[in-house]
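Build out the structure end to end from the sequences listed, making use of the hints.
Residue numbers (UniProt numbering), protein chains in the order written: chain A, 1 to 561; chain B, 1 to 561.
It is worth saying that the hints were derived from the structure and are not from the lab. A portion of the hints provided could be inaccurate.
Copies of the same chain look alike in the list, so a pair counts if it works inside one copy or between any two.
As the list claims (entries may be wrong) - Below 20 Å or equal to it, Euclidean Cα-Cα: the simulated EDC-like pairs (lysine to aspartate or glutamate) are:
(1) Lys542 - Glu153
(2) Lys88 - Glu477
(3) Lys159 - Asp213
(4) Lys542 - Asp157
(5) Lys542 - Asp28
(6) Lys542 - Asp354
(7) Lys542 - Asp186
(8) Lys88 - Asp366
(9) Lys234 - Asp366
(10) Lys234 - Glu481
(11) Lys88 - Glu554
(12) Lys88 - Asp21
Remember, it's a predicted structure, so these values are computed and weren't measured experimentally.
There are 2 protein chains.
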Amino acid sequence: MEHDAEINQRARLRPITEIADALGLGADDIEPYGRYMAKVSMSAVRRAAAGRRGRLLYTTAITATPAGEGKTTVAIGLTQALGRMGLKAAVCLREPSLGPTFGVKGGATGGGLSQIAPMVDINLHFTGDLHAVASAHNLLAAAVDNHIHQGNELGIDPKRVLWRRVMDINDRQLRHIVVGLGAPGDGVVRETGFDITAASEVMAILCLSHDMDDLKARLGRILVGEGRPGTGRKAPWIFAHQIGVIGAMAVLLRDAIKPNLVQTLEGQPAFVHGGPFANIAHGNNSILATQTALGLADFVVTEGGFAADLGAEKFLDIVVPQTGLVPDVVVLVATVRALHYHGGASRSTLHAYDPEALRRGFANLDHHIRTLQRFGLPVVVAVNRFDSDDPRELEAVVAHCQEMGVRAAVADVVARGGEGGVELAETVLATLERERPSFRPAYEWEMPLTEKLERLATQVYGADGVDLSSRARAELEALEERGFGGLPLCVAKTQFSISDDASRRGAPTGWRLQVREVRPSLGAGFVVALTGDVMTMPGLPKEPAALRIDVDQEGFVTGLS
Amino acid sequence: MEHDAEINQRARLRPITEIADALGLGADDIEPYGRYMAKVSMSAVRRAAAGRRGRLLYTTAITATPAGEGKTTVAIGLTQALGRMGLKAAVCLREPSLGPTFGVKGGATGGGLSQIAPMVDINLHFTGDLHAVASAHNLLAAAVDNHIHQGNELGIDPKRVLWRRVMDINDRQLRHIVVGLGAPGDGVVRETGFDITAASEVMAILCLSHDMDDLKARLGRILVGEGRPGTGRKAPWIFAHQIGVIGAMAVLLRDAIKPNLVQTLEGQPAFVHGGPFANIAHGNNSILATQTALGLADFVVTEGGFAADLGAEKFLDIVVPQTGLVPDVVVLVATVRALHYHGGASRSTLHAYDPEALRRGFANLDHHIRTLQRFGLPVVVAVNRFDSDDPRELEAVVAHCQEMGVRAAVADVVARGGEGGVELAETVLATLERERPSFRPAYEWEMPLTEKLERLATQVYGADGVDLSSRARAELEALEERGFGGLPLCVAKTQFSISDDASRRGAPTGWRLQVREVRPSLGAGFVVALTGDVMTMPGLPKEPAALRIDVDQEGFVTGLS
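So this is what it looks like as structure tokens:
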């Protein structure tokens, strides 16, 4: 089989105006970026988002192996299958980050015959949204330091500046830095660092904003630092609106707020918009994209980052309560390979026939199914087929799900595109016909923060409880005292285990969630609880993907995956 | 009069496809970015750049006051005037940098009725070229540090890494930093810093490359650092091609290499492409844009950064020898205000009638006229009219030029657009009819580096000679020894004086050029000689422009200038 990049670049795409037209969007409703990409104008977004006609199919996954198990690919393949069946379907995805594209993971545009296109552009600069987020983020950082340098009227303590800088490159060298060295005119010496752009609170804000005014209000609520505490007084908090560059940040995000429209290899519309991390942020594409798609299509497939305990949980506890975007069905992606892994198989033999490991691995699948059922949502399991899979094991997964009373189907979308997703699509449609969501979040926002944490730990992660570090306890108390106890939680946790320990496979029991630090994301509107070490700036591996990537005189790109 | 941003956003623009069509570019020759911006495809660039049909009108200026004197505006107004006269004219400009847009200077899209549009987009992310340059630059930086971190096979000395990082924000805090702090997995501790993106060597390379292969070859020649010198041996130089991410950098620049097409407020085509600094880089738009325009239009107006001793000199000594792009005429922009300044008037009274200061200020104008004549080029002086100008002084400037045997005209293009530039256009056309360039560069590339410096200092800047610091002398010798003595020079010098001392107005005499440091830009293909302090990362002022900028729900932007 050809490499993804070759398949993608040789595909015959439809002009983006045709894709838009099929959705009822006219020439004035879109702003083209090249021939195959466009942004949807804010007036069209407002019109489309005003009424929901579509059913929302939310794609998530079991706990993945380090390579990823094809959740995006299944979401695209399912959309293509629905399209083949004559249904009006669209897919909503997060947009890729340059860092992973040149690092280990590669791009994020699906694989094989289930891809979105044009993948080279989408994986590189796309329509510039990530660059816009980084510019807005870093303008605020420069303005905060400039405020201190120019007299510091607000009395910001240079040792308590919370706002770091961002860059969309995997660059470990920038994790911990000292800035402001040099001459007196070169700023204030202090410690800080860079995160990757996807980890910027501005990205989370972009994905949660309803319109430009909401975006500005949220940007203004960003906590950038603290002043020095007086005797017996709390340190005053300094917010972005006090710095005064909110308008300029919003100008930089003027186009980024508009959803991007591209297409699948089979010509279904794909809204690819926003890409927040699924650990320190909520890991789902923009609400404007999903709302727009739901106003224009009958079936909207979307997906969240990492497994059901991360991206899906955050969608259900952070996004749904403020938007009402309750999924009609959840598609839970599993692979034989990942089930082997969770059943204890060694990394080098994941592709080999091993029914015993598979059976033991069901513990992870079952845990995620129960979690989603506890949210009151209909579940369909999609077994994403790999070439090396033994048919007996694929059947065993489907049979196991049926024993649990859950519909399941094998998806062969990498090799066969939409055609290979028809069985899954039919299973989803059958579920939509017979089941209705009866949504219950994991917690109510008005509960105290510690109680919300306890709920998540015990009901979603299967922990026995929560252990707070003394720092985390003090930070949670401070948030309650300052009136932010009613915000939802965003737990930053490893994606390689349901627990907070990346080495524990399956469905770990007999453990307690260790919360070491709490960070308010007041602009995004959630409280981040950090468990273990969370990487907000990845590094490059010894042989980064960047070494294999090239482009010829005609602009044809090789080595991108 | 309305503010520039309001005039620009309310203007009725023609679809970019129409602008392209008038140049003979079909729908397949351009890639639209929204309705009013496009990139020209590489195949169309190759076709157009193959044959030159147009005359090249190069715009430069006398030494400016800190506010700038409207060179870009005159270039746009002249193009609009030629268009009004029924001639097929296009303008080529550098693209703006975000840093100054939010800092002191504001954007770079002209003013009043002589602007290019859509100015908000052009001044913000435009088609993403600066972001692409920054990404490519910073990917190389991350790869260099990753190489050291992962075992350092090339033996790069962490104390001799020359490749810094870039950001398109005015952020003094990042000028001098220490990176790689933290745990062992967080990289290698060393000193470095950030420059503004326009100062990146990648930007200079983009502007000087003939095609993708040339771009890759130049990227590969970037000097990223040195190894440790052995006993009695020179430190080995480490080049970017040894790091191995040239293909990935080129992929990031795949679209950035294509010229951008927009329009003037009066509908003439404007190629806005590349924005290298005019101090540590060569300060002119891309050669691909100029060559494309010259293949499609009969009159191509372009401009270089700062005054004739900087942008124009670099165009003539760096760009022309490798492209043959000899200007047919040079338009030298002067203002009454700047002449007052050079005649000794205080900054607060530059707008007041002061014929004595004006007369004294002619020294600066005359110096630049003689410099350009020494290059063998026909010169026309354009007196850019400001509202506060006294008509007697405008006339005095024109009369003075005529006494020197140089044609001159008042340009009233801010207030009246192309109509206000017709007199200037007629003067230019008359000059084209009567004079032919007989081009002589300031030096031949094969001269030794010190001799080339001497030539520039005495013949272009009016110095008595050159004083080299011991460091600069050693660096020049090392370059000659390593075989790079045949490269042209790029002198980084203050833009506020013809001398190397920003406080010296007029045409200073009796001084020697102080060269303190020499840096090879081997990818760009020139040797940078630094005189005095050259700022490669600006800071924000106490009241940055960012504080005044805002955007409303409909996306209408205010406060941008």
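Compare the structure with the hints numbered earlier in the document and write down the numbers of the violated ones, lowest to highest. Of the numbered hints, 2, 3, 5, 6, 8, 9 and 11 do not hold.
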